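K.L.:
Sequence:
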Amino acid sequence: MSNVAPKGTWKTNPALALLCLFGWYAAVVGAFFALAHTLPDTVDPDCQESFCGSPRDGFLIAGIFFGAPALFVALLISLVMLGLASARSPETSAGRVGFIAAVPAFVLLALAACAVAR
1 MSNVAPKGTW
11 KTNPALALLC
21 LFGWYAAVVG
31 AFFALAHTLP
41 DTVDPDCQES
51 FCGSPRDGFL
61 IAGIFFGAPA
71 LFVALLISLV
81 MLGLASARSP
91 ETSAGRVGFI
101 AAVPAFVLLA
111 LAACAVAR
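Residue numbers for the sequence shown follow full-length UniProt numbering, beginning at 1 and rising by one.
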């Protein structure tokens, strides 16, 4: 049992690390909406389809139907990473643990940026 218990004092405050993680997720959501704002909001006048929306509308709808569930799964992965990172190295600062745990959200944001660039 001594291999599992930390040997020194805990420098990682789990509540602060969780708050940092949620802050990074809020930044990712804000960056998503900033990316959506860069897309044009004009509808093609020659559109003959059932849904004629702007590129911004399509990006936001894709974000709601595909991005939100993916962000939820990334949050679950981040919470597991947060628990493992704070338990394996309790001497690491809470900000660093929260940043490391937010990596799945950054990957999703990079994928969204690639979708905008395409």
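Keep in mind that the hints were calculated from the coordinates and are not lab data.
One should not assume that every hint holds.
Taking CB as the label site, the calculated pair distances span [unchecked claim]:
hint, residue 1, residue 2, range
1, SER54, SER89, 14 to 24 angstroms
2, PHE72, ALA117, 18 to 28 angstroms
3, PRO55, LEU79, 11 to 21 angstroms
4, THR42, PHE65, 21 to 31 angstroms
As the structure is a prediction and not an experimental result, all values here were calculated from the model.
Ideal placement from N, C-alpha and C gives every residue a C-beta, glycine not left out.
K.L.:
Which of the numbered hints above does this structure break?
P.N.:
1, 3
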